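J.: Now for the letters of each chain:
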Amino acid sequence: MPSFRTFILAALALSLMATQAWSTSLPDSVTLNQNGKLYKPFSFDHAKHISLIKECSDCHHHTTGTLVTDPNCVRCHANSSPTAVVSCKGCHSSTPFSPATLAEKREAKGRYHLDKIGLKGAMHENCIGCHSKRSQGPVGCQECHPRTKDGDAFYNADKQARGPAAKHAKSE
Amino acid sequence: MKRRNFLKACVIGGATITLGKTNKGWASGSFEGYPEAMGVLVDTTRCIGCRSCEAACNKEQNLPEPETSFTDKSVFEENRRPTSTAYTVVNEYEKKASEGPVYRKIQCNHCNEPACLTSCFVNAYTKTKEGAVIYNPKICVGCRNCMIACPFNVPGYSYESATNPVVKKCILCYDTRLKNGRPPACVEICPQEALTFGHRADLVKLAHERIRENPERYYDHVYGEKEVGGTSWMYLSRVPFDKIGFDTTLSNDPIISNVKDFLGMVPMVLSIWPALFSGIHLLSKKEGHDDHGHHNEPGQEG
Amino acid sequence: MKRYVKRGFSPVTSPFNENGDKRTVMNKLLLGLTPGEYLVQALRNPFNWVLAVIFAIGIPVLIGRFYYGLAWATSGSYDYPWGLFLGFGLFAMVPLSSSGFQLGTACEIFGRHDLEPIERLALLNGLLGYFFAVMYLLADLGQPWRLPYPMVVSFGPAAVLFLVAWHVATYLSVQVLEVSSAFFEWIGLPAGKAAVRRITLGLTVAGIILSTLHQGALGALFTYAPGKVHPLWYSSSFQWLHFFVSSLPGGLCMVITVSTIASKMMTWRGDVRFHKSLERCQISLAKGACMGIATYITIKLIGIAHDNKWSYLDTGWGQWFMLEIIVGFMLPLVLMTYGAHTKKIGIVRFGALLTVIGVVLNRVNTAMITFNWKLTEREIPPLREFIISIMLFATYIVVYRFILYRLPILYQWKAEEAVEPVTETEAALEPLPVRSRDGLPVGSYKSTTRLD
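Protein chains in written order, with the numbering used here: chain A, 12 to 183; chain B, 629 to 930; chain C, 46 to 497.
Some hints here could point you the wrong way.
[Stated by the list, open to error] Covered by chain B, according to a simulated footprint, are these stretches of chain A (three or more residues, beta-carbon under 8 Å):
{"id": "1", "region": "58–70"}
{"id": "2", "region": "108–115"}
{"id": "3", "region": "119–131"}
{"id": "4", "region": "134–143"}
FYI, nobody ran anything at the bench for these hints, they're computed from the structure. Small disclaimer: the values here were computed from a predicted structure and weren't measured. For glycine and all other residues, C-beta sits at the position ideal for the given N, C-alpha and C.
With the hints as constraints, model all of the structure from the sequences given.
T.: Set out below in structure tokens:
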């Protein structure tokens, strides 16, 4: 999937910026979904989110900001200091289901975080999850990233009018 | 004359037995799936009903254009099922729930012991070691017994074709992806990672772990872990499964176990009947009556 | 035809015509009439006009089904993949054709030679029923030209349908052989008849095995869909028994019904032996059918009790079920028992007709009407599906009639002019004293007493 590569690149960009930001200053905006195929790249207003949420760990878990309070996480991470890697990409794989990732998971039987969501899932869950919980912020696909021409073709966007309810989709 | 007839009956009976004996062989009992079989865990609590999986499936499998756009949400007004032109569909349930609706993706569940496979009299279906239930359109006769047998109402049939109608259903992207170790197109496109691809055995553990860690988020059941002998696709849900269109009355035994009573009886009939009825025939004939005594044979007394 | 007979014409019953010359095949095909006479009698028959209308509409629709595909001709439903062609054509025709093996068994195995005047009709009924069940199947299959695949290309031996395919194919050949003796007589090949006669016992036993298995197998097909068939019509343990046992009275009653129609509609074709023994044979069959129905009702109730499904009787489905059981099985049981006892043949025949309807209703209920009972929507097959079904049934009637007109089914072939049939008809007419006295329902129970 071309969109996949897009996400890798986007994540890479985000992570680079984030790490740089941590060492220098926080980025005010981050361009996400660079080179997106189905959806266009867009600018993520980091500054606005900082001013609205204030708590870094709401998005970045225990990697930065306040230490975790979730009783389940506390069992291990009570004294974890902020990690060197803050970016999503640092932990969340952009290829969560590739043969290599799956093989690696199978090897690491003792690891606790086996059910770690992939990068794309992590971002969407984080954004949409929070937006819908607060009933604030965009939740629709195109509210963040407008569709490209390829995206229109992929979703057959030209066929917008709802046809007769032909349940069995039979062409007679 | 008697003896000759009796022998003949035995020969015919014997021939049918050898023919019939093979019939039971394949009805295995407690097959729990291939150890390396892959699967997909559908977490309906993550699904946002974007229908990207439907679009991805449509493109990957080269299916005909949809009637309306894949962004059209009005399709949720009706309860859809997979068809010959749409191998996967997303339906909306619990429309009025305060927590918001629940979306459920439907496709072939790729059973460990598929009913379609066991009901097929030309063995057109194969359960691959990767877990996919695939279908050979070149030998399908078109009896549609698989559609009768499927407990999930999945297979579609291209009735429109006059010369080459075939069964159409999700094949877990076997040809293009799964056999190379890649996840199916729907899994890859899902923005929410509502679909988790992995080894089925791992997914079962993972599903229970999710329930254990978030008991308030999940109804305590993994649909497909045991239903009809287990399926490669499994589901997690916030609400009881019957509320989101699942058949919760299915037994944990594979469908074929229902049929075994009959299949087991077959060799018995094949072996007992010839002897029984030939015997009765011999008994029912009067001593001294050489032939069958056909009254209507000209020149023969009754 | 009646008019010709009234005028003194006698239809073909022997290889020789009135002048003692050997008849040609064409002459036999035309029943001994001239082509002109034959055409006139065919045109005079109003039933032929009804058939003509059915074919005029039906044949184009059937061609359309193969030209435009199943979606054009049938509901093409995903949820109801088996429509009228199978629900009615296959599942109902097969049980009504169980007569062949039953009468074969009674005559050849149990030595009930008193039933022989009707044996050939029963065999033919079996053959044609199966043959047309296969015709319906061919109309329904997506790729009918692949029908031999389960035999030669690819085997799915764990499938019940695999058994059905093999057994129906084998049994069809068995039945062709069984009926062929009548054909050999008619065409004038005594050697062929003798060959078949020699393997009759083997054929009959093979017939019993194959019938038991695939009548049951048709029921077992539905055990693949445990949640889809309504529980009142479903029993995972007994489904095959329900289908097998109900096919027994179904086949016998079909023979009673067909022989009644034949004796009324083609009186001229039956010989003295047929007409004289008809009522006695029908009552014998009715007694057998009564045993079958009683057994069927019992095991049906056991099936309901076994899975404790009584509560379903209190629903709308339950009432429909009761209707089927009462009108289709219990009422005919009472009627035929009474009719057989008091020798009121009209009541017996009415009961038999009800049983035929009951068996058909049961199959259509299982395969179509109550199938998918959990789904909210029910589907009614489209008009074209009905037209093709009716047309195929009309073809069945035409072929049935064509054969009855010609082959020695309802009459005896007089192969040698010298042998007068009087002696053996009388012998056949005389019911064996032991049996007729104590009137036990089926010959099978009685025949062993002949040992003494």
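J.: Now tell me if each hint is right for this structure.
T.: Verification of the hints:
With a threshold of 8 Å between beta carbons, the proposed coverage of the region 58–70 of chain A by chain B is violated, since 0 of its residues qualify and at least three are required. Residues of the region 108–115 of chain A with a Cβ under 8 Å from some Cβ of chain B number 4, which satisfies the need for three, so the listed coverage holds. Counting residues of the region 119–131 of chain A whose beta-carbon sits less than 8 Å from any beta-carbon of chain B gives 5, enough to reach three: the coverage restraint holds. Taking a C-beta to C-beta cut-off of 8 Å, the region 134–143 of chain A contributes 4 residues in contact with chain B, enough for the three needed, and the coverage statement holds.
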